[in-house]
Amino acid sequence: MPGCFQEVLTDVTENVYRDCYQLSSDNFPGMECPSWCVRKFTLKGGKQHGVDVVSIDNGHMTVVVVPTRGMNIQEAHTADLRLGWNSPVKGMVHPAYVDEEARGGLGWIEGFTELMCRCGLAFHGAPGEDFVSDNTGAQTSVMLPLHGTISNTPATRVVVRVDLGPPHALSVLGEVVDSRMFGPSYRLVSTVSTVPGSAEFTVSDRMENVGGSSSELELLYHCNYGPPLLGEGSRLLAPVQFICPRDARAKQDMATWNSYGPPEPGFVEQCYFLRMHSDRQGRTVVALADPQGDCAATIRYSVNELPAFTIWRNTAAQEDGYVTGLEPATDYPNARSFERSKGRVIELPSTGAYEVSLTFGLVVGGDQVARLRGEISSLAEGKETIVSEDPDSDYCPM
Amino acid sequence: MPGCFQEVLTDVTENVYRDCYQLSSDNFPGMECPSWCVRKFTLKGGKQHGVDVVSIDNGHMTVVVVPTRGMNIQEAHTADLRLGWNSPVKGMVHPAYVDEEARGGLGWIEGFTELMCRCGLAFHGAPGEDFVSDNTGAQTSVMLPLHGTISNTPATRVVVRVDLGPPHALSVLGEVVDSRMFGPSYRLVSTVSTVPGSAEFTVSDRMENVGGSSSELELLYHCNYGPPLLGEGSRLLAPVQFICPRDARAKQDMATWNSYGPPEPGFVEQCYFLRMHSDRQGRTVVALADPQGDCAATIRYSVNELPAFTIWRNTAAQEDGYVTGLEPATDYPNARSFERSKGRVIELPSTGAYEVSLTFGLVVGGDQVARLRGEISSLAEGKETIVSEDPDSDYCPM
Amino acid sequence: MPGCFQEVLTDVTENVYRDCYQLSSDNFPGMECPSWCVRKFTLKGGKQHGVDVVSIDNGHMTVVVVPTRGMNIQEAHTADLRLGWNSPVKGMVHPAYVDEEARGGLGWIEGFTELMCRCGLAFHGAPGEDFVSDNTGAQTSVMLPLHGTISNTPATRVVVRVDLGPPHALSVLGEVVDSRMFGPSYRLVSTVSTVPGSAEFTVSDRMENVGGSSSELELLYHCNYGPPLLGEGSRLLAPVQFICPRDARAKQDMATWNSYGPPEPGFVEQCYFLRMHSDRQGRTVVALADPQGDCAATIRYSVNELPAFTIWRNTAAQEDGYVTGLEPATDYPNARSFERSKGRVIELPSTGAYEVSLTFGLVVGGDQVARLRGEISSLAEGKETIVSEDPDSDYCPM
Chain A
0 MPGCFQEVLT DVTENVYRDC YQLSSDNFPG MECPSWCVRK FTLKGGKQHG VDVVSIDNGH
60 MTVVVVPTRG MNIQEAHTAD LRLGWNSPVK GMVHPAYVDE EARGGLGWIE GFTELMCRCG
120 LAFHGAPGED FVSDNTGAQT SVMLPLHGTI SNTPATRVVV RVDLGPPHAL SVLGEVVDSR
180 MFGPSYRLVS TVSTVPGSAE FTVSDRMENV GGSSSELELL YHCNYGPPLL GEGSRLLAPV
240 QFICPRDARA KQDMATWNSY GPPEPGFVEQ CYFLRMHSDR QGRTVVALAD PQGDCAATIR
300 YSVNELPAFT IWRNTAAQED GYVTGLEPAT DYPNARSFER SKGRVIELPS TGAYEVSLTF
360 GLVVGGDQVA RLRGEISSLA EGKETIVSED PDSDYCPM
Chain B
0 MPGCFQEVLT DVTENVYRDC YQLSSDNFPG MECPSWCVRK FTLKGGKQHG VDVVSIDNGH
60 MTVVVVPTRG MNIQEAHTAD LRLGWNSPVK GMVHPAYVDE EARGGLGWIE GFTELMCRCG
120 LAFHGAPGED FVSDNTGAQT SVMLPLHGTI SNTPATRVVV RVDLGPPHAL SVLGEVVDSR
180 MFGPSYRLVS TVSTVPGSAE FTVSDRMENV GGSSSELELL YHCNYGPPLL GEGSRLLAPV
240 QFICPRDARA KQDMATWNSY GPPEPGFVEQ CYFLRMHSDR QGRTVVALAD PQGDCAATIR
300 YSVNELPAFT IWRNTAAQED GYVTGLEPAT DYPNARSFER SKGRVIELPS TGAYEVSLTF
360 GLVVGGDQVA RLRGEISSLA EGKETIVSED PDSDYCPM
Chain C
0 MPGCFQEVLT DVTENVYRDC YQLSSDNFPG MECPSWCVRK FTLKGGKQHG VDVVSIDNGH
60 MTVVVVPTRG MNIQEAHTAD LRLGWNSPVK GMVHPAYVDE EARGGLGWIE GFTELMCRCG
120 LAFHGAPGED FVSDNTGAQT SVMLPLHGTI SNTPATRVVV RVDLGPPHAL SVLGEVVDSR
180 MFGPSYRLVS TVSTVPGSAE FTVSDRMENV GGSSSELELL YHCNYGPPLL GEGSRLLAPV
240 QFICPRDARA KQDMATWNSY GPPEPGFVEQ CYFLRMHSDR QGRTVVALAD PQGDCAATIR
300 YSVNELPAFT IWRNTAAQED GYVTGLEPAT DYPNARSFER SKGRVIELPS TGAYEVSLTF
360 GLVVGGDQVA RLRGEISSLA EGKETIVSED PDSDYCPM
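Taken in sequence, the protein lines are chains A, B and C.
Position 229, counted from 1, in the first sequence is what numbering that gives the first Met the number 0 calls 228; the numbers after and before it change by one each time, with no gaps.
Position 216, counted from 1, in the second sequence is what numbering that gives the first Met the number 0 calls 215; the numbers after and before it change by one each time, with no gaps.
Position 213, counted from 1, in the third sequence is what numbering that gives the first Met the number 0 calls 212; the numbers after and before it change by one each time, with no gaps.
If you're looking for bench data, these hints aren't it; they were derived computationally from the structure.
As the structure is a prediction and not an experimental result, all values here were calculated from the model.
A couple of the hints might just be wrong.
Said to hold, decoys possible - Derived DSSO-like pairs: lysine-lysine, alpha-carbon spacing no greater than 30 Å straight-line:
1. B:Lys43 <-> C:Lys43
2. A:Lys43 <-> C:Lys89
3. B:Lys250 <-> B:Lys341
4. C:Lys382 <-> A:Lys43
Claimed, not checked - Computed Cβ-Cβ distance ranges for the label pairs, DEER-style:
5. B:Ala137 <-> A:Ser392: 17 to 23 Å
6. A:Gly260 <-> B:Glu13: 49 to 55 Å
7. C:Glu128 <-> B:Asp391: 31 to 37 Å
8. B:Gly29 <-> C:Gln5: 54 to 60 Å
9. C:Glu128 <-> B:Gly281: 44 to 50 Å
10. C:Val7 <-> B:Glu374: 47 to 53 Å
11. B:Gly29 <-> A:Thr77: 50 to 56 Å
12. B:Glu13 <-> A:Pro28: 31 to 37 Å
13. B:Ile385 <-> C:Val7: 54 to 60 Å
Unchecked claim - Residues from chain A shown here face chain C by an in silico Cβ test under 10 Å; the list is partial:
14. Thr9
15. Ala137
16. Thr152
17. Pro261
For glycine and all other residues, C-beta sits at the position ideal for the given N, C-alpha and C.
Okay, chain A solo, but in the shape it has when bound (with noise of 0.2 Å):
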């Protein structure tokens, strides 16, 4: 011992699968660490019908984990604080609801409503036409729709886990199997975890090539923040080491790209294309930090796993989703068939796996945001940063 404590919720091979369950502190006296709970259960009523839901409150924060929707992250919470956004649409959506072909291929926004839903895994980003192999090997033409299939895609094993030694980590693993005939066929392995007390939740993702051949992939996590961390005068902190607008709209406000406005009916979305500087492991931060000052939201995370990031700002109407999407990836949200012209898509073998660790927090206090404002800043210190006022045609379609 140590070692530690699992429970399988949901396996679909042996059938398993429990509608409601719960796990605390209480189930380990003598754990020393601050009360903690494990909850699932399952939502009921409108489009959420079946949403299988497990929340984690480590004590200090809660971390609302959506197995049906792809081991999403709904949202995070403290008792002062949210992380995560007011999607127009309510709930969270039961993929069945979902035709991602829809709406031009845009059918995959009738499910969005998530802090963190991951894009991908045969490709993200917009609409577009690109070529793949028919089961008669032939080339044909297919419409690619946004945002790939992992979000609609139900997990198919849930386990609770609980680290029996210090710091006492708290884990939801989740296994998500996205496969099918002539492929691509993948297999996303989720740990999300948390230790009791703190404000930050990890997710480790492995991503797996379980098909017979070398399959593409590409993996976007959209990672979404509302009020109260976004609103007019919230920053953006980044260690930019090149940033472009993705076209002319994004480009009309290119010099205010890491503030935010407030709330404007009728705003029509603004994307920029980035890179990060990091330190020599690869790792670096973002952050959004609120108006005040007084509190921001970070993600950390290694450029050598996801080199790309993109700003989504949609400072729409609140009943449209004023939300910004902080959108760390393998590669930018174009159709794939620009991706790969530009050598952004990965080819992962067949068995082959892809890792991504992502960090989630909240920081709370002026001392607080200005020490991660530093930190940030000694990222990028004594490194040349690139801004292009047009965009770039190596990253946008032009």
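Using the hints, position chains B and C against chain A.
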């Protein structure tokens, strides 16, 4: 007091969901009215698996409300007669089985079984190309499928209500949120109510634009009748101000537009576009009288709220759905681009609402039918009726 | 007496639905036959959530029937051997996750996992354009997706039946209604039955046109075998009257059409189109013998009912579904317009029915396999076998 008694059956924000529920006059000893009973149950098996139903038996007439299908009305019946029809689709279809864009945009018909189903709210009518703003603000061509999305959107909140004062109206309230990123986003609040012992029920709808910008609204009440009200010799009674056939096919039987033939295998549908006369408040009534003139189904509504009216005749074989649709609406079931060009599409501002109320009744007995006939005649008395023998280009895409 | 015992597990018109159910020889003390057990259960978790399964363990062989997927057969197994294959898609997929029109009309493959799945009933085979009557009677171009809708239509009525007289056959009856406004509308009544202690089961299907007009019928039984029956050196045994390769790809291995190679990553499928000899009553049998010739899977059927036969070879990597499909059918899996032009599409009148019966067996032991080989040879004895080395334009779209 009096006030009312109410019980929440579904509320997604509170994760309230009552699988089964029953409330009856037995719960209110001393209430002076016919015995009544409201029941909530969930259908099982086949494509109806998981469909929630609320039936209101007012002691004389039972009204079957389907929250899972956008608060549509499956049927209403008394001991002797049924309002509704026999669709080739059996039971009530869960929205997960309906892909609106399938079959060239005719997927909606896979779930078409109800006495009254709403078409809309952003568009209804025949599939057709239209141009909408995409996420980048650009105008994009989209194929709008048949009859919109509201009928395949489940209610997010369902409440049963009983008036404690006479006449002790029984109501089911449902909220249906049909919203998405980049819009359009609507909330329908529908109240279905009936008075114990009566032979009618009222549907009061409020459509709100819950998006941040103005949105187009198209709304059609697809009210469908089969046997025994529909049969060879059934008559449509209506205070017609204007009528024209939709196309050459409808023109063939223009002379007998208001009477019905027997079931005919292979019969091809006929549509007529109308406007109705009304009283000074805009209230009007249309009715379908059975072949013997012994009974009639009525729809009472306001031409101010629903200026357009379409007759759909589909007197095909019984197996194929021998049925007629009486369809009061904000506009005609043509492609939205055509309706917009005629100025008939409503522009609903953000937070704006559109309200509609219809009463569905059953009139039994030759005397009562004669009185109804007189009432309808008097609405048109001394007023002009324009009969266009040909499709009119103001109403019919040519 | 004897007669039979039966129990209704699902009936949508009565809203009968038994979530779990078990019936066994223990319920019939004194019944002289091997111990047997019929179980109904519902799968949970992942894409299989809500899928109903009925397993018939006849004491020697267990047959797994899937009412939710149109009464398909997931697999059959004895203590030693399994009939079925290892699809890259795990478990059994709920139809709510299958969008047939997705991926250019190849969406059907997202749910493809079974030993025997029906393709049809209005069309099967490769996606292709066809012209159908729309609601206005006009001929409209539609894209017919792969393999039709019947496999993704849940049964509306499921009954378990036990013959009280010897040999005490055990049956599961399922009704699957695949109907819609404007048609086509079919009812499949499928009976899966097996005798206690036997190594075979029979599927008896009745397809009815429940619409008011005649409709086209295409039906293919997609029977799929992987290891251990399929392996390097497995042989297909069949009394061939005619065979041709579907295309240049199939022609490459025309010389070895009846033997199988090892798993090959990236192997591109090969199809062969055949007709079989039969006995005077039209009964025939095909078999897949394992590499050692120690056991074989058999399919016995009537060429009067199913005149067409397709071999699908997909000896790809194990991970991608190393599998062969043996496919008796009313016609070939080409686009319906092509099959119609060759006069092979059945026109089923209103209320007309088409009946098919197939028996799936497992033969174990070198002697038994040799006897089977002899039986199949004798069916072709003294009869002509036509081998077309090239695709034949009567069978293959060029």
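Quick rundown of the hints versus the structure:
no.: 1; hint: B:Lys43 <-> C:Lys43; in the structure: holds, 16 Å
no.: 2; hint: A:Lys43 <-> C:Lys89; in the structure: holds, 26 Å
no.: 3; hint: B:Lys250 <-> B:Lys341; in the structure: holds, 22 Å
no.: 4; hint: C:Lys382 <-> A:Lys43; in the structure: violated, 64 Å
no.: 5; hint: B:Ala137 <-> A:Ser392: 17 to 23 Å; in the structure: holds, 20 Å
no.: 6; hint: A:Gly260 <-> B:Glu13: 49 to 55 Å; in the structure: violated, 34 Å
no.: 7; hint: C:Glu128 <-> B:Asp391: 31 to 37 Å; in the structure: holds, 35 Å
no.: 8; hint: B:Gly29 <-> C:Gln5: 54 to 60 Å; in the structure: violated, 48 Å
no.: 9; hint: C:Glu128 <-> B:Gly281: 44 to 50 Å; in the structure: holds, 48 Å
no.: 10; hint: C:Val7 <-> B:Glu374: 47 to 53 Å; in the structure: holds, 49 Å
no.: 11; hint: B:Gly29 <-> A:Thr77: 50 to 56 Å; in the structure: holds, 51 Å
no.: 12; hint: B:Glu13 <-> A:Pro28: 31 to 37 Å; in the structure: holds, 33 Å
no.: 13; hint: B:Ile385 <-> C:Val7: 54 to 60 Å; in the structure: holds, 57 Å
no.: 14; hint: Thr9; in the structure: holds, 4 Å
no.: 15; hint: Ala137; in the structure: holds, 9 Å
no.: 16; hint: Thr152; in the structure: holds, 8 Å
no.: 17; hint: Pro261; in the structure: violated, 40 Å
Of the hints listed earlier, those the structure fails to meet are numbers 4, 6, 8 and 17, in rising order.
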